[in-house]
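Visitor: Take the two lone chains and join them into the complex the hints point to.
Heads up: the protein sequence lines correspond to chains L and C, in order. The first sequence runs 1 to 787 under the numbering used here. The second sequence runs 1 to 265 under the numbering used here.
Please keep in mind that the hints were generated in silico from the structure rather than gathered at the bench. Any given hint might turn out to be false.
Claimed, not checked - Derived EDC-like pairs: lysine to aspartate or glutamate, alpha-carbon spacing no greater than 20 Å straight-line:
#, chain 1, residue 1, chain 2, residue 2
1, L, Lys182, L, Asp305
2, L, Lys241, L, Asp208
3, L, Lys776, C, Asp241
4, L, Lys101, L, Glu174
5, L, Lys448, L, Asp654
6, L, Lys123, C, Asp59
7, L, Lys92, L, Asp155
8, L, Lys61, C, Asp3
9, L, Lys316, L, Asp208
10, L, Lys448, C, Asp226
11, C, Lys137, C, Asp151
12, C, Lys137, C, Asp59
13, L, Lys776, C, Glu247
14, L, Lys562, L, Asp533
15, L, Lys558, L, Asp647
Stated by the list, open to error - Anything over 12 Å on all C-beta distances counts as not near chain L; from chain C, calculated:
#, residue
16, Leu34
17, Asn136
18, Glu139
19, Asp144
20, Thr147
21, Asp151
22, Ser181
23, Gly237
24, Ala263
We put the CB at the ideal spot given by N, CA and C, even for glycine.
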Amino acid sequence: MSETGIGASVRRTEDNRFLQGRGNFTDDINRPGQAYAYFVRSPHAHARIRGIDAAAAQACKGVVAILTGQDLEADGVGGVPCGFAPDGGPIKEPPYPALAKDRVRFVGDRVAAVIAETREAAKDAAEAMSIDYEALGAVVTLADAPKEGAPQLHDDAPGNLCFEWEIGDKDATEQAFAAAHKVVALDLVNSRLIPNAIEPRAALGEFDPGTGNYTLHTTSQNPHVVRLLMGAFVLQIPEHKLRVVSPDVGGGFGSKIPHYAEEVVVTWAAKKVGRPVKWAAERSESFLADTHGRDHVSRAELALDANGIFLALRVKTTANLGAYLSTFAPLIPTYLYGTLLGGAYRTPAIHCQVRAVFTNTAPLDALRGAGRPEATYLLERLVDVAAAETGIDRVELRRRNFIPSDAFPYQTPVALQYDSGNYASTLDKALALADAAGAEARKASAEKAGKLRGVGYSTYVECCSLAPSNIAGAIGARAGLYEAAEVRVHPTGSVTVFTGSHSHGQGHETTFAQVVAERLGVAFENVEVVHGDTDRVPFGMGTYGSRSLAVGGSAVAKAIDKIIDKGKNIAAHTLEAAEADIAFADGTFSVAGTDKELTIGEIALSAYVPHNYPLETLEPGLDESAFYDPVNFTFPFGCHICEVEIDPETGTVDIVGYTAVDDVGRIVNPMIVEGQVQGGIVHGVGQALYENCVYDPSTGQLITGSFNDYCLPRAQNLPAIQTGTQETLCPHNPLGAKGCGEAGTIASTAAVMNAVVDALAPLGIRHIEMPATPEKVWRAIRDARAA
Amino acid sequence: MYDFNYHRPRDLADAVRLRSAAEDGVFLAGGMTLIPTLRLRLASPSDVIDISGVDGLSDLEASAESVRVGALVRHATVAVSADVKKRIPALAALADGISDAQVRNRGTLGGSIANNDPAADYPAAILALGATVMTNKREIAADDYFTGLFDTALEADEIVTAARFPVAEAAAYAKFPNPASRYALVGVFVARIGGAVRVAVTGAGDQGVFRAPEMEKALAGNFAPDALNSVTVAADGLNSDLHAGAEYRAHLIGVMAKRAVAACA
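Next up, chain C with everything else stripped away, as it sits in the complex (with noise of 0.2 Å):
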């Protein structure tokens, strides 16, 4: 680990102040991506902006119609939130089947989505429920959030306060994990929203989470699996490693689409 200056905001206007005013700062919040970073000396920013102290992000809100998750609510929160796992349960099943029992206790919400890794899990629920991601500045859509391999709409001085994910009449998510790392080879979140189906596919995208119109269309007019026979998966665009080829990773997308469907029933 290189020398960094630490800061600690207690509000978000400071933690703001502190990165605007910064060489090269960055923001922690769990940690489950950073600091192993920063151990391998993969990153030298001048300045750790710790938000972990900031007041009002770790808040759990759930409605008729919708879950509000705080930016720094932890996995293993969600995982055994009640009200999550009335309203939304893939939503919580799917924070419980994110890595192991320390990273969930310490990863959060926020830090998943903000960093964009393209096999990270939360992206999936974002953009296949729909949700709205909630800063400091504004409220973007989950269209328009994610753009691109650990890129998304976030400005430098932007903080992810909140995801607000609408209450789906099914979804479920389905994961292929990488046997050793754990993250996602391939996950497929499937949502039924007011009659509208969407299905968000992590793991397998060469720019990170991706849609499925295909597989969507398919579902809006028979939400079975199906439906899904006739979609066909194409490799390309897909990544390809030591774990599995972008074939690979094109069949296992049908797969796991299927047994979501399967498991929204």
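Okay, chain L solo, but in the shape it has when bound (with noise of 0.2 Å):
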């Protein structure tokens, strides 16, 4: 292994810039006559707009433009569209106006723009609005949506009824269930969260009237997926027209996919007033009007057989839309969660029946782990109650419905088709690491010192390299999900590659370079990785489901493999010997059986300055591009066990204890993936403990709106994390890569809150639901005390 290859720990090439404060945000971008846009947006969770009398406003020093839906409609702009629409059922849309006309539907809903000199002038002219609204009820929860009398959010959506959505073989669940020895049963709550980039969200729009070209730069993880969906169905602008730049991006977790109504105010904005037009987010509006994630409500059923055994599995779940459809809000609580209900076991017959409702909150979307983090909660807090009430240690329960490692590929009840894994191994290696054998004697000697200790597991299984178009396109997206990537070899052999991927602070510019070095055999510092601009890269879908390297990274291999190809044409030519015999190792072509070789160097000059090539069979140049479309998705794998220890007088938890053993495939820079493991447990840990969005149930008014109320995860919450990996290959990319960003969220919520109820248990405590606060601890513990 080379300092700079596959598998090395490379520090990262952009943290150079970031740590010095030289990154290129959005917001850091600035252009003459520039005008700043502030949003008014709604003060009601639902209300009809009587009318906007904007001459107060207009009046104010340094105004622009004041603009409203009706402008919006004037110009024949439409709404924001939804990317994905289940199969099997119709599904509700209505429309996402950019700017709300004659209704709003969600406290932070968009019902103006005010464009001025600087953003206090914009704001100062916002708070002059005058916006006669009539209050009308607000339906928050998912309990009341569907009620008989509920305020209803959309004429075309009775019963604020997205869509209904199942999946499995429902007839063979009802039949296993009536046969079991046991069933056990679960009502459990998937709480809302908020996804809080470090970045606000930006966007800054620009019109040449020279060219009629527009410019947006705006913080997405997609770029060329906003293109599309802004240029092709609301703004008519077609792709040669409209370039899109998400340049150094602060951070997503899945907030930054959606195609956001600010992005096309911004740019119409841009050619309307004949300026540029930036808008920033202040961090209350993120809490406002960035898309939130998870939030269901479900019922969960295992029936098992008198040797523990699964048999079915059987839930309902209903999960939270918002108050409009975000991109992709109907595929996170359909295919990336009900497909996901088998786990590591082989439960034979699967059920899950989804119902979608509209409720006037913030749009939901994807949120790290999207779909994955709620399904593996479910099974795996149900597991553990089967075990509690069936008698078998959980970890044995585990161990006798894994898949078993000879079993693979292994086709699941709910769609999916495993292309390999080895659950077993993955729980030894974390049992060990985590002294779980010892987990007694810590108990025991934390109750001396008047502490309830728990230990808390999660074998999970995760699906990633969205996706395989074939079954994108059969399941209901309406897009393909490959990837695309351009690898150009310049005259003197420094390479630049131009990835559809989109880093926002997962590192690529250094996985990738590690990838080209290694597979190219050029130095790590002649490669340069682009990304994030529609002008430069050839095509791109964008960063989300832990996709980049297993997906964008495929890409970039298979462009690697034209280069060889195309070097090896060159190699025959030049050296004058059969194509055939050129071999290709550690950047150099020779010719088998010989001593004639020509570094990668040398070709890629003699491609650019040739002088006797076959004009028929051979081009100058060394640029390759390749589109990669995965035939399978990925299914890293592992173990995560968690220990706490829960001060009953107060009802603290403390995590004493994390460990995580991963497969997350080939791991090209191994501290990049220990990075994101840690990220992603932190994440999952904010669920379980602390992280918790709250709406007041009859007004809609948001109360966690600031960092005062909505607590992250603080380092000092946090022991040292132990990890542990396993590479097992995925078989069918070419990196043998299978994803690592999302992991640590979709395991450590569920190893989390099993290890609060184990420390519980004792008590006769069963459940407890998110986050797992002092108060709701301590409640639980004085009523199972008191009853």
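Guide: Next comes the structure, spelled out in structure tokens:
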């Protein structure tokens, strides 16, 4: 292994600029003549707009324009589209106007855009806007949404129902339940979260009247997708006249996947006012108007035989979509959720029903893991309940039901075919690393100190590498989910890689360069990775679903293969040998059985300064593009073990040990993978113990609208995380990579909550909802002791 | 932030004059509450009088009898002061537990007690130690100083110049922080001075910091955690919010009080 090739913990190239404050984020970019947009947002969760009087605002100092939904309509600008409609049933797709015209449906809904000389001037004028609202009743909770007489959000979605969806064999599941030795059931809530990327969203729209070209700089995880959606479906700007750039982006966690209305408004407004228009969200706006995540209520039931073998799983879930359909909202609680309910277990029959409803809350969409954490939390909690109620040890029960390592490829009853796995192996490694054998002794000594100690396990499987386009299309995606790459070898042998993946914290500039360095035999520092610009990168579906290395990296690998093929052709010509006799290794093309060879640098120079190429068969240049469409998803898996101590006097939960053993396939940069795993775990810990998005259930006002009330985990809340890895290569992509960005989040929430319940179990506590705040835990202890 | 006139006087008299002349003036010390309030447009003062350049408010003095903390002394300074650690270690520990490092390096004692946030830490120390609040006009006894939510005995043109804390025989502060904001969800400061015991509770009361007479009585007879077993804390008059209901806060007052007493040992 070289110091910079695959498998080396190369320090992140991009950190050099980030740590010096030299990043180039959207809000860092300023254009001559630039004006600023500020969005007037609804203070009501649900109201009719009776009138908008902009006269006073118009008269404010520095105002350039005040734009409303009527202006959008007059210009024929439509709403923001949804990119996914699950198969198998009707779905209501009410319009999602970029600026609300008649009605507002959540606190933070956009009503008008004030364009002014400065941010402060725009804000001053926004306060002078007089909007006549007629407040309507709001429906906020999942319990209230379907009730008769509940306020209705959209005329064409009676009962606030967007769609019903199911997966699995209902009859087989019912039969298995009827014949079961034991049935365990659990009602549980998957709490609502606010993503909170460190960089708030921002957008800068420009229009060049000389060329008719538009440029949008935006904080997106997938600029090409924004170009497609906004250009083709909203503003009718063809691709060749619209450039979308996502420069450095400070975190996304899924909240920067959707195409947002603010992007539409600044792009449209730039032409309308004849000036570049910039908007940057304030943190309070991010709380209100970024897409939120999770928010399910479920009933889960597991049927077991007398030996604890799982016979069937039955799940009924109600999922919140918020006020409108965000870009991928319907995908999250369906195919990214129901298909993961098999987990690591060979449960033969599974049936899952989902009702997705509208409420007067911010739209929901993907959030790190997106559906898969919800499935894993439900399943892993249910397995623990089953263990408790059958008296079978939790680890043993899991082991008994694991899909055996010789059963792959394994067809689950919920559509997926797992390509590989070895679940007992990661479990064993984690048990050893966590010193699980010593847990009882640690519990006893904690008891002496007046603490309740518990251990929680989560043996998860996730589904990454979104997505094989044929499968994506079959289940309702309105796009394929391949990835594109271009590898350009310059005349002197340095390389620029253009990738459709987008790095917003993942370290692609390092990891992808390592792949190129290894495969092409060039120096790591001679590789530049370019991403996030539709004018530079051929195409791209972006970064989410832990797909970048497995799909984007595979596209790069495929383009490299083409470079090598071309190089062989050039070498054969130059060295006067048959192409079949040319071998390539470590950056050198050689003729088998001879000492004749050329380096990739010599080949590149020759490619750009050719003198005697056969014009019919060999083109100059060394620049290749590739599109890679995965044949299957990838299936990372692993085991997380969490150990907690609870102070029964205050209800405080302390995580005192955390061990993660993950199999994410080929690891290019172990340091980056460890960072991703740790970050993912902290995200899951946040949901389990700290984070909680709360709306007032009657008014729909966001109560946790700042960091004073919305609690993110801090470094002091976690012990040193022990990580271990195992590399079972993905059998179907060229890198053998599976993806690691979400694994931690998917696994950890269940591990933490299982540990909390384990600590409380001696008191007779069976379940506790997230987040397990001190007050909630204290009440549970008090009530259990009183019972 | 709305526009305002900004002033940076060099002495107290100037500061007071500017405040009196202003239509709606406010004093700015560390700005840990005022600046966010301005940024969120929740306040629109005509004049901000920044007293951080005023001489004579930044001294920290300690003797065998008392510790005098100037109004502009930062929390971080109190937290690491060898003098404070020697004379009233509980006060240094309290300062060390305020919010985060950034806030501790900006926030001041004067700003904290003039603002009197019901979840701030310093008011508990002032009240439990029976400190004297010193202003440009007078000295105010702790028991007379805090008058309600964000309300104090300070007059409009009155500026806190320092607080004088008597050295206690024993003192400790036990805080249960709000996990999100790190303000006190419940904080209990217990002090024994000259045989008398004073207990002050912050974070919990709907009128801000308050003393707990029943606890003081129980502890006067027996200064031990168990002495508090007989005291029940009522939930009446306690705050109830997203993070803690009144009942839970009442419970935490008992737990934190015991821990504070235990820490005195």
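Visitor: So, for every hint listed, does it hold in this structure?
Guide: Cross-check of the supplied hints:
For the hint pairing Lys182/L with Asp305/L, the CA-to-CA distance comes to about 6 Å; that is within 20 Å, so the pair holds. For a cut-off of 20 Å, the pair hint linking Lys241/L to Asp208/L stands: about 10 Å separates their Cα positions. Between Lys776/L and Asp241/C, the direct Cα distance comes to roughly 13 Å. Compliance with the 20 Å bound is thereby established for this hinted pair. With a CA separation close to 48 Å, the supplied pair Lys101/L and Glu174/L exceeds the 20 Å bound.
Taken as a hint, the Lys448/L and Asp654/L pair is honoured in the structure, with Cα atoms around 17 Å apart against an allowance of 20 Å. For the suggested pair Lys123/L and Asp59/C, the alpha carbons sit about 41 Å apart, so the restraint of at most 20 Å is broken. Only pairs whose Cα atoms come within 20 Å are accepted, and Lys92/L paired with Asp155/L is accepted, the gap being roughly 10 Å. Between Lys61/L and Asp3/C the alpha-carbon distance is near 13 Å, which keeps this suggested pair within the 20 Å criterion.
The suggested pairing of Lys316/L with Asp208/L is violated, with an alpha-carbon distance near 52 Å, which exceeds 20 Å. Under the criterion of a C-alpha separation no larger than 20 Å, the hint pairing Lys448/L with Asp226/C is consistent with the structure, at around 19 Å. About 18 Å separates the Cα atoms of Lys137/C and Asp151/C, which keeps this hinted pair within 20 Å; it holds. Of the supplied pair hints, the one linking Lys137/C and Asp59/C holds, its CA atoms being roughly 18 Å apart against a limit of 20 Å.
The straight-line distance between the Cα atoms of Lys776/L and Glu247/C is roughly 12 Å, inside the 20 Å bound, and the hint therefore holds. Restraint check: the Cα-Cα separation between Lys562/L and Asp533/L comes to about 23 Å, which exceeds 20 Å; the hinted pair is violated. A threshold of 20 Å between alpha carbons decides the hint, and for Lys558/L with Asp647/L the separation of about 55 Å lies outside it, so the pair is violated. No Cβ of chain L approaches the Cβ of Leu34/C within 12 Å, the least distance being about 15 Å, so the stated non-interface status holds.
Distance to chain L confirms Asn136/C as a non-interface residue, since its nearest Cβ pair spans about 32 Å, more than 12 Å. No beta-carbon of chain L is positioned within 12 Å of the beta-carbon of Glu139/C; the least distance is around 34 Å. With 12 Å as the threshold on Cβ separation, the claim that Asp144/C sits away from chain L holds: the shortest Cβ distance comes to roughly 30 Å. With a closest Cβ-Cβ approach of about 24 Å to chain L, Thr147/C is found to remain outside the 12 Å limit, as its non-interface label requires.
With a least beta-carbon separation of about 21 Å from chain L, Asp151/C lies farther than 12 Å from that chain, consistent with its non-interface assignment. Under the 12 Å C-beta cut-off, the non-interface status given to Ser181/C relative to chain L is violated; the minimum distance is some 4 Å. With a cut of 12 Å on Cβ distances, Gly237/C stays outside the contact zone with chain L, its closest approach being about 18 Å. For Ala263/C, the condition that its CB be more than 12 Å from all CB atoms of chain L holds, with the nearest at approximately 15 Å.
Against the hints set out earlier in the document, violations occur for numbers 4, 6, 9, 14, 15, 22.
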